[in-house]
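Asks: Sequence:
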Amino acid sequence: MIIAIDGPAASGKGTLGKRLAAHYGLRHLDTGLLYRGVAHVLLSAGHPADDRVRAAAAAAALDPGRLDEDALKTQAAGEGASIVSAFPEVRAALLDVQRRFAAAPPGAVLDGRDIGTVICPDADVKIFVTASAEERARRRFLEFRARGLAVTEAEVLDDIRRRDARDTGRAVAPLRPAADARLLDTTALDVEASVAAAIALVEAARR
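Going by UniProt numbering, the residue at position 149 of the sequence shown is 149; the numbering climbs one at a time, nothing skipped.
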């Protein structure tokens, strides 16, 4: 079984991906980490995230097995990921990595922004997760504060809105629900309620 979860930044799709994978005994891939990894390579070397040539080279050389999730969960990496993910060369380089992961037994849960529309259009279950920009900014702000990062909630909200505009407006694989995706709004839901709602959607799709 392949479960595709898409949605904007901080909508809760990553947490749902991990929990659904554990619930159904599947592997999990947070595809956003791939793009964060590309951005991290550029930024760590002192290059801007909008360096298209270097971004494509970094994507082609990326080893998904060596990604450090904690190091990549920064505001800079997230902002950079939104920039490099707009480059067709970067998306093309990472396409096969994601599809191979999804195809390996016994199946997988992938979360990102184009899983149901591009990466796994034939996924058994597609869920599009969303939440208000304000709620998503509040969640991300709390994450950053827990890590001791100095950032204001207003700054996080501005970043969320910029990323939403880039993700939905890019020419290649824009963020949008697949035609057959089941929608899940987590604005008013805590983690446990969101997981329960997602499991219910999966079970409904399987029936």
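Misleading hints may appear alongside valid ones.
Straight-line C-alpha distance at most 20 Å; calculated SDA-like pairs for lysine to any residue [to be verified]: (1) K73 with G25; (2) K73 with R145; (3) K18 with A71; (4) K73 with R138; (5) K73 with R19; (6) K18 with A179.
Keep in mind the hints are simulated off the structure, nothing from the lab.
Asks: Run every hint past the structure and note whether it holds.
Replies: A quick look at each hint next to the structure:
1. Proposed proximity of K73 and G25 is contradicted: the alpha carbons are some 25 Å apart, above 20 Å.
2. At roughly 12 Å between alpha-carbon atoms, K73 and R145 fall within 20 Å of each other, so this suggested pair holds.
3. Taking the CA atoms of K18 and A71, the gap is about 18 Å. The hint holds against a cut of 20 Å.
4. Restraint check for K73 and R138: satisfied, since their Cα atoms lie roughly 16 Å apart, inside the 20 Å limit.
5. This hinted pair checks out: K73 and R19 have alpha carbons roughly 19 Å apart, not beyond 20 Å.
6. A threshold of 20 Å between alpha carbons decides the hint, and for K18 with A179 the separation of about 24 Å lies outside it, so the pair is violated.
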